[in-house]
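For reference, the chains in residue letters:
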Amino acid sequence: MGSDPIELDKVKGEIQVLVARRADGPALTSGAQAIREQFPDLEVSIRPDQWLEMAVTPDRLLPVAQVLRDQLGYTYLLSLTGVDWQEKGLQVVYHLQNLDKGLFLVLTVALPAQDPHIPSVTHLWPTANWQEREAWDLVGIYFDGHPDLRRILMKEGWPGHPLRKDYRDTRPLRERLPKTERR
Amino acid sequence: MLVDWVASLYQSVQATFVAHGWPLWVLAVLTAVLKVAGVLVWILLNVLFLIWLERKISGHVQNRPGPVYTGRFGLLQTLADALKVLLKEDVIPAGADRWVFVLAPLVAFVPSVMIWVVIPFSRGVQAQDLNIGILYVAALASFTVPSLLMAGWSSDNKWSLMGALRSAAQLISYEVPLILAELGVVVLAGSLRLSDIIAAQQRSVWFLFLQPVGFVVYFIAALAESNRTPFDLPEAESELVAGFNTEYSGFRWSIFFLTEYANLLGMASLAATLFLGGWSGPFLPPFVWFVIKTYFFVFLAMWIRWTLPRIRVDQLMDLGWKFLLPVALVNLVVTGVFVVL
Amino acid sequence: MALDTHSERRTETLEIPGSDLPRTEEMMVNMGPQHPSTHGVLRAVLTLDGERIVDVDSDVGYLHRCFEKICEQQNYPQIIPYTDRTDYLAGMTNELALVLTVEKAIGLEVPRRAQYIRTIMAELQRIHSHLIWFGTFALDMGATTPFLYSFRERETISDFFEEITGARMMYNYMRYGGVRNDITSEWVKKVQAFLKRFPENLQEYDDLFTGNPIVHARTQGIGKISAEQAIAYGASGPVLRATGVPYDIRRADPYLVYDELQFDIATASEGDVWARYQVRMQEMRQSVRMLEQLLAGVPEGEIMGKAPRIIKVPAGHYYGHVDSPRGEVGCYLVSTGERTPYRLHWRSPCFVHLQLLPLMAKGHLMADMVAIIGSIDIVMGEVDR
Numbered sequence: 001m002g003s004d005p006i007e008l009d010k011v012k013g014e015i016q017v018l019v020a021r022r023a024d025g026p027a028l029t030s031g032a033q034a035i036r037e038q039f040p041d042l043e044v045s046i047r048p049d050q051w052l053e054m055a056v057t058p059d060r061l062l063p064v065a066q067v068l069r070d071q072l073g074y075t076y077l078l079s080l081t082g083v084d085w086q087e088k089g090l091q092v093v094y095h096l097q098n099l100d101k102g103l104f105l106v107l108t109v110a111l112p113a114q115d116p117h118i119p120s121v122t123h124l125w126p127t128a129n130w131q132e133r134e135a136w137d138l139v140g141i142y143f144d145g146h147p148d149l150r151r152i153l154m155k156e157g158w159p160g161h162p163l164r165k166d167y168r169d170t171r172p173l174r175e176r177l178p179k180t181e182r183r
Numbered sequence: 184m185l186v187d188w189v190a191s192l193y194q195s196v197q198a199t200f201v202a203h204g205w206p207l208w209v210l211a212v213l214t215a216v217l218k219v220a221g222v223l224v225w226i227l228l229n230v231l232f233l234i235w236l237e238r239k240i241s242g243h244v245q246n247r248p249g250p251v252y253t254g255r256f257g258l259l260q261t262l263a264d265a266l267k268v269l270l271k272e273d274v275i276p277a278g279a280d281r282w283v284f285v286l287a288p289l290v291a292f293v294p295s296v297m298i299w300v301v302i303p304f305s306r307g308v309q310a311q312d313l314n315i316g317i318l319y320v321a322a323l324a325s326f327t328v329p330s331l332l333m334a335g336w337s338s339d340n341k342w343s344l345m346g347a348l349r350s351a352a353q354l355i356s357y358e359v360p361l362i363l364a365e366l367g368v369v370v371l372a373g374s375l376r377l378s379d380i381i382a383a384q385q386r387s388v389w390f391l392f393l394q395p396v397g398f399v400v401y402f403i404a405a406l407a408e409s410n411r412t413p414f415d416l417p418e419a420e421s422e423l424v425a426g427f428n429t430e431y432s433g434f435r436w437s438i439f440f441l442t443e444y445a446n447l448l449g450m451a452s453l454a455a456t457l458f459l460g461g462w463s464g465p466f467l468p469p470f471v472w473f474v475i476k477t478y479f480f481v482f483l484a485m486w487i488r489w490t491l492p493r494i495r496v497d498q499l500m501d502l503g504w505k506f507l508l509p510v511a512l513v514n515l516v517v518t519g520v521f522v523v524l
Numbered sequence: 525m526a527l528d529t530h531s532e533r534r535t536e537t538l539e540i541p542g543s544d545l546p547r548t549e550e551m552m553v554n555m556g557p558q559h560p561s562t563h564g565v566l567r568a569v570l571t572l573d574g575e576r577i578v579d580v581d582s583d584v585g586y587l588h589r590c591f592e593k594i595c596e597q598q599n600y601p602q603i604i605p606y607t608d609r610t611d612y613l614a615g616m617t618n619e620l621a622l623v624l625t626v627e628k629a630i631g632l633e634v635p636r637r638a639q640y641i642r643t644i645m646a647e648l649q650r651i652h653s654h655l656i657w658f659g660t661f662a663l664d665m666g667a668t669t670p671f672l673y674s675f676r677e678r679e680t681i682s683d684f685f686e687e688i689t690g691a692r693m694m695y696n697y698m699r700y701g702g703v704r705n706d707i708t709s710e711w712v713k714k715v716q717a718f719l720k721r722f723p724e725n726l727q728e729y730d731d732l733f734t735g736n737p738i739v740h741a742r743t744q745g746i747g748k749i750s751a752e753q754a755i756a757y758g759a760s761g762p763v764l765r766a767t768g769v770p771y772d773i774r775r776a777d778p779y780l781v782y783d784e785l786q787f788d789i790a791t792a793s794e795g796d797v798w799a800r801y802q803v804r805m806q807e808m809r810q811s812v813r814m815l816e817q818l819l820a821g822v823p824e825g826e827i828m829g830k831a832p833r834i835i836k837v838p839a840g841h842y843y844g845h846v847d848s849p850r851g852e853v854g855c856y857l858v859s860t861g862e863r864t865p866y867r868l869h870w871r872s873p874c875f876v877h878l879q880l881l882p883l884m885a886k887g888h889l890m891a892d893m894v895a896i897i898g899s900i901d902i903v904m905g906e907v908d909r
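Residue numbers (our numbering), protein chains in the order written: chain U, 1 to 183; chain G, 184 to 524; chain W, 525 to 909.
Derived by calculation from the structure, the hints in this document are not laboratory data.
No residue lacks a Cβ here, since even glycine has one placed at the ideal position from N, Cα and C.
Check the hints yourself; a few may be wrong.
Unchecked claim - Some chain U residues judged to face chain W by a derived CB distance under 7 Å, without partners named:
| no. | residue |
| --- | --- |
| 1 | 21 |
| 2 | 50 |
| 3 | 69 |
| 4 | 75 |
| 5 | 83 |
| 6 | 87 |
| 7 | 127 |
Said to hold, decoys possible - If you want the footprint, here are the derived chain U segments under chain W, 3+ residues with CB under 8 Å:
| no. | segment |
| --- | --- |
| 8 | 96-110 |
| 9 | 129-135 |
| 10 | 153-165 |
Using the sequences and the hints, build the whole thing.
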């Protein structure tokens with residue numbers, strides 16, 4: 001299962017965790033199979049770029065994420081993104097990696113356009129903390145159970161969420177310029 | 184020689200005073216003023232040169248030429264900078280304690296000038312040959328602490344305050360080994376008078392060879408006392424912005440700057456006097472020897488500054504109390520035992 | 525942003541185990557956004573007990589220009605120069621992240637020569653960026669001289685970039701399907717000559733800085749994190765490798781021609797500032813090793829593949845990542861088949877690494893904070909995007 005870990009002679013220094021090279025072929029298929037065994041009702045597909053992909057509903061996110069991390073070894077959260085699909089709702093995309101087996105997984109969660117709530121995964125992957133704050137700040141997704149859901153890139157009290165497709169800067173033109181450039 | 188000429192001039196002036204029945208205290212005041220003026224001119228000229236030297240040395244250490252455009256070899260660079268600094272707006276922060284803020288640079292500067300009262304430039308050329316010379320220097324050196332505390336406190340800035348507290352801790356900690364190292368020399372010479380110490384070295388050898396450990400302790404402690412890297416924590420630029428002088432600008436800032444170099448020069452000339460026999464030396468005139476020895480230490484300090492990183496507060500304290508102090512004490516005891524035997 | 529929750533006075537005090545020192549009040553200090561060693565406009569709100577750090581709350585966003593929103597309005601070739609400006613010290617690798625993702629999405633073939641040139645540029649960029657890191661790290665530690673030494677070598681590499689791309693920082697060099705300009709054999713010779721003498725320069729840095737006992741005392745055991753913490757917090761690049769995890773995208777998910785190169789993944793096991801320092805110094809040596817292999821074997825051929833005149837990415841979503849000098853730069857591209865991306869998310873390593881700051885800094889001194897920030901090697905342009 002999985003391709004061979006990086007040979008030790010290629011590495012300088014002490015090793016705490018072995019990291020596998022990207023899995024492909026049978027290793028990838030068995031990686032997909034392992035997820036299917038855990039969640040028979042969820043569909044796991046293998047993308048042409050050798051990523052695994054699965055979609056869950058927001059209410060199932062936490063149990064699925066827990067199993068993914070603890071039993072299937074997806075300990076590394078690469079990236080967390082919020083996407084605004086306008087009338088189709090919003091979406092949160094998790095990119096996960098299994099370091100031991102070299103498996104990469106895209107986990108997508110679709111959310112309703114109105115009042116989008118999703119459980120926070122900060123307690124599973126602490127790195128999600130700021131990334132969720134960013135998704136809240138820019139896309140406007142509520143992460144329930146997040147320890148500190150403040151705006152991070154925009155300033156506190158900013159109206160709207162800039163990465164929404166329907167976002168319009170409501171300020172008058174004059175105020176959008178920095179003070180030094182105003183006439 | 185110049186010294187003899189000055190002495191004879193003084194005697195003839197004194198004779199004139201006596202002949203005309205003028206009060207002698209006028210003469211005393213006149214000579215004191217002249218001496219102060221002389222010391223001030225000496226310090227200011229040297230600081231001008233030192234700043235240029237520092238920039239040149241740092242330049243050459245860092246693979247670049249240093250100042251080149253202003254005057255020959257960039258010699259006028261410091262003058263240009265001084266002019267710029269003087270023309271700057273004098274800003275006193277709104278929250279500052281005005282009087283303390285204004286006084287702090289002066290309180291820092293005056294002791295650094297007063298040290299020069301006892302430094303012997305040449306045979307007999309000394310503003311005042313105090314019999315408690317070393318004690319006097321040590322007392323003045325502690326004056327830096329209140330001035331930095333004043334600067335840090337009055338600025339109403341947390342960084343300044345932290346810099347000031349650091350400097351208070353640092354200066355007090357290093358005062359002790361510094362004085363203990365000086366005491367080793369005093370024990371050997373049997374006098375606190377600086378001219379006696381030089382005379383003692385002329386009789387035997389430079390105390391550098393009799394007091395190598397004391398010398399090392401003195402030099403490290405002196406670097407710390409004059410806030411030079413690796414002990415520049417009070418003004419650690421990358422940590423505390425600029426430490427106690429964060430809020431200072433223009434003229435007031437330049438006085439702090441001046442003080443720093445005057446202190447460096449004072450420490451260097453004291454080191455030359457205590458450990459390298461002061462102005463004494465063969466062939467060259469005594470004054471030239473004094474300058475050479477002083478600048479040797481100045482160069483050493485600059486070289487160290489541009490090479491080493493800064494140490495941390497706790498490490499600084501450890502070095503002072505756990506290493507320098509015991510070493511200085513043992514050194515003093517061993518010296519004492521030798522002298523008694 | 526407004527840290528309202530912190531503005532009221534804190535009354536809890538630091539519990540020092542086994543100590544009966546009197547309880548003292550804590551001080552809040554604003555480190556930045558204007559501070560000499562926060563590498564730009566990072567604002568860290570420190571809660572200090574004397575000089576000891578009790579809490580760190582970093583505040584970012586001062587350089588935010590909503591790069592991702594801008595990208596939604598530009599067509600694909602127009603995005604490339606914007607990526608230069610995220611991590612402005614490693615433009616080449618940022619461009620690579622975008623270009624590789626788009627190429628993967630539309631299935632563009634890139635000629636061998638272009639791949640070699642890209643790899644050469646990426647590794648030169650790594651040395652280039654690590655040199656700045658070395659200089660500024662030394663500056664943070666209070667040593668001014670190493671900065672000028674490292675900039676001497678960096679200048680040479682900047683000249684190499686300038687000669688080929690026309691720019692020293694914002695290259696705009698990568699193209700979908702290849703690179704913009706070809707390299708010449710004279711250029712290759714010049715770079716080879718530089719690589720021959722660069723190890724001596726590294727030795728010079730070691731003599732000047734690495735071997736200094738003050739540096740050891742100030743870096744060892746400072747800002748320590750474990751491998752588990754690093755993985756949980758999504759650390760990547762040298763920060764992760766310094767905890768003993770040999771995670772290097774160049775090996776774990778090979779791109780360009782890294783598969784054919786001989787190199788070691790530099791790791792250290794302690795996970796402290798010193799380990800991160802060593803990893804980066806080692807990485808420069810490994811980059812030299814890679815560049816020597818690359819320059820010796822640049823194949824002849826085209827530098828541009830057959831890219832369509834108008835780039836349209838098929839509908840779908842794609843994630844591409846490269847190992848930048850700072851860590852994993854990820855590019856998540858959502859397309860609806862238009863000439864502009866529907867959504868482009870930039871996963872920047874520094875943004876993720878900054879979360880580790882409280883973990884690393886708590887319990888250490890003010891002065892260590894500076895060393896820790898320096899050792900993460902943050903670029904605020906990338907954090908705020």
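Outcome of the hint check:
1. 21: holds, 6 Å
2. 50: violated, 9 Å
3. 69: violated, 9 Å
4. 75: This hint holds: residue 75 (chain U) lies near chain W, its Cβ roughly 5 Å from the closest one there, short of 7 Å.
5. 83: Hint holds; residue 83 (chain U) Cβ to chain W Cβ min 5 Å, cut 7 Å.
6. 87: violated, 13 Å
7. 127: Holds, because the Cβ-Cβ distance from residue 127 (chain U) to chain W comes to roughly 3 Å (cut-off 7 Å).
8. 96-110: Since 4 is at least three, the answer is holds.
9. 129-135: holds (count 4)
10. 153-165: holds (count 7)
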